[in-house]
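**Q** So the protein lines, in turn, are chains A and B.
This note's numbering puts the first residue of the first sequence at 1, with every later residue one more than the last.
This note's numbering puts the first residue of the second sequence at 1, with every later residue one more than the last.
Everything hinted at is true.
In the SDA-like style, the derived pairs of lysine to any residue whose C-alpha atoms are separated by at most 25 Å in a straight line are: (1) B:Lys60 to A:Arg53; (2) B:Lys126 to A:Ile357; (3) B:Lys376 to A:Met158; (4) B:Lys186 to A:Met343; (5) B:Lys126 to A:Arg57; (6) B:Lys60 to A:Trp117; (7) B:Lys273 to B:Arg452.
No wet-lab data here; the hints were simulated from the structure.
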Amino acid sequence: MSPAEFLGYVGLGLSVSLHIMLVTITLGLGVITAAWRYLAYSRGDTWYESAARRAFRVMVATELFSGVWGTIITVFLAGFFPGLTALATDVIFLPIAIAIASILIRIPSIGIFWYTWGRVSDRVHVLIGFIMAAAGFGVPLGFRYIFAETVYPYAAGMALQGQVEQARLAVFSNPVYPYLMLHTVFAALSVGGFMVASLFAIRGQEDARAVRTGALLGLVFLVLQAIAGAAYLFIALASYAPIIYDNVFGVLLGASATINLAPVFLLKMVVVLALLVFGYLTFVNSGKGAVPSYARYLAPLALLAVVLGEVMNDGGKYPYMVALGKEGLPTSLFFNAYMPIPMGAVYVILAFFITAIVIFTVAFYYAIFKKFVE
Amino acid sequence: MSIFEHMLDGQVQVYLPLSALGIYLHAVFISITFGFPVAIAMLLWKYHKSGEPLYLDAAKLMTSVLMVNFALGAVTGTLVEFGLVQIWPGTIFAIATSAFTPLTLELIAFIMEIVLLVLFYVTLGKIRPVVSIGALAAYAAFAYLSGVLIMAVNSWMQAPWGTGPVAKELYPFLPEYGPLAADVQKLVAVKALALVGAAQGVPVSTILQMPGISEKLGEVFSDPWVALTNPYAWPSALHNITAGVIIGLAIGAAGWAYRYWRTKDEKYLKIFKAVIPPLVILMLIQPTVFGHFMGEAVVEYNPTKFALMEGAAATYYNPIVALVAYGDPNKPIVGFDQFYKQCNQLGSTTVGDLLKQVGVDLNTVVQSLGLSGQLKLSQAASLLDVKLADVCKADLQKAEAKMELVHYAYYTKIAGGVVAFAAALVLLFSAWIRVPGLTPLAEKIMSIFGPRERALFVLTLIVLIGAALAAALGWAVREVGRKPWTVYGLLYPEEVVTPVPATPGFLAFAYLVILAVGIGGLVAMYIVATRRLLVRK
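Model the full assembly from the supplied sequences, consistent with the hints where possible.
**A** See below:
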């Protein structure tokens, strides 16, 4: 890999990891907001109403920043890896169209949900909430096909053999996709639960009922996520992308690796274990009316687990761009050689990204946690 | 199928209106993104100077609208961005070359825009107004930078800077586009492949997606900064961004004027007066000074577009237009008749001759790039015998077919601008500056529209409608005027369009979603904007 290729690879990896981490928050909180809004209506319990508002405000603050990273990914892909982007826009045209349509429904529905709160009938508002939550999942429903094709180029392979038209529909039959998508959905719901537990455990704003509910949701979906994750690793990756399987897990059993990600895998296992233990303790203690201080760290731990999972899934192909059995298609096959990459400009851009992350994190912590949730 | 027909013509006809709808929708929100920060800054400055909470509350209300608008701008921007790479995937080649630097730098602008806007929003009213103005100015600076960079990309498609004499070799009436920053042999090879591909229903994107194609073809462009050194880019950015600021400001001003008219409450007049100065100043400068710079760039780099704008099927004399365009009233307005004549300079040179001249052997290119599975050269043999003069004339005919549309759109745009300009002058002398002789005249004109409260609203609305009409039609002239090319003189839309067929169901769904987002977004902003303005005691 040339320095420019490596920079493109790392820049893309950074953007994808951040994007996935942030959208996981918004997807999970979207479902919880809609569900609580429904419970407020069906049970006439005002606690659900105010809890839904608090969860929703944090979701909104995260949504826009997460969207920015989606744009960054697109520009990085098209600029650094034009070949891969051109292939995706053709073979994965329909799934991408589904994702775009979902974005177009999701963001306005968030605005409509907020500005119609208390201004339309409860039933209509609940419906808007569920549209908002469902549209959110429409985005990974489409985009995860791109990830599936880079793990196992099922349709892309057909297209490269000349069966382009068949490939455009065959993309929906990628055998890796169901495992990956299931894992994504459970991860989002689990993060949503732990996010709620942490949010409502902030000092001075504790709410044991919400913390207990959040911890319960987080735990249930974490278990389901772990099952889906195991199936993804031991069935999908082992069968269709042995290079990733070996780099992540096989290397522990003595398999050769192109990059040793076993430490990342083991770290993720520790994080998941910690989440299970502290999630359970939070659930038990908050049931007694006490909010333990460690509940605040459930969300960061859950997000760390998400990032580690994404690093394994995407970085597990290193040094390849697309996995292909025990090897892959190198980045150079898709990399932009049409023009010398202005490295200075790219370093400046990466520096600005890091600055923006810092500013956003500070603003998010002080403004959102201290002001919005109050 | 001949060189003059493309199998993907139908795709272009179907997808072009969809793209245009997305871009116009984005433009609505972008105008507010550009204009509202100026109005909010004016209100905060007034608050800083007077301490009156009215100005702070008005600034907060406009900021809430700006926040909703920003989200909608981001959504429609995503739509336009994906529309570009999904529906016109051949443009990925431009994104990887001439557009690489502006688009990657635009990421800085975009991400800083969002963090600074959030920072401004959450601190507004909690910190000193001057500091808030600073945060807002920083946000606006990145928003304008984003506009400059996007306009640089669009401008490269209008005037492909760095391609030197390549377009002129095909169309002798075109100028050279800057010092050569491209490998002519490779650029011509890409163009030839695009031409052969389009005739066989194989667009550029199908070639781009072949693994390893970039490595095999190698460096086509040597200067990654070429889009930013394009002399077409700067007048374009200045002209279009200020147009957006004017429309955004006019929307805000019209809103406050409407409230003043309906309630007759003087507080709304105070707010209106605070936001009107930058609108009037820009309305006077933008069409005259910045518009002139833009016009000069069109005259120099887009001769067919200029001829379309002026309805010049045949060359004619018009001292006023010539003075404005060339600075010389005696120069003729060059029409299509001259362009056709210049096509004849190409003599009997064929496409094959041109390829030979630059050392491109199509067979070798196809073999070396591994494209023999995609492109059937046997079917393209006749292409090599086509005379360049015939290609030149066929393209001129396609351009000329749009003359009526471009000409009338251009002059309606001018009319819209003149009306807005005149209304701004009346506002200037009646609501802002008092000048003996002019103010009474302005007030006399205002009286035509009824009582002062109503007249202020009507005049602001005229500025808004005139400016919006000018901007919308101006953009249409810019985009339709460069046809039949997507990249002026180099690439056709048929060469960059997606090969994925558009089903009626897909199109209906796409239109429905885009329109729903547009209408829903505008309603959401209206709801936010019409919240009661609470003034603290």
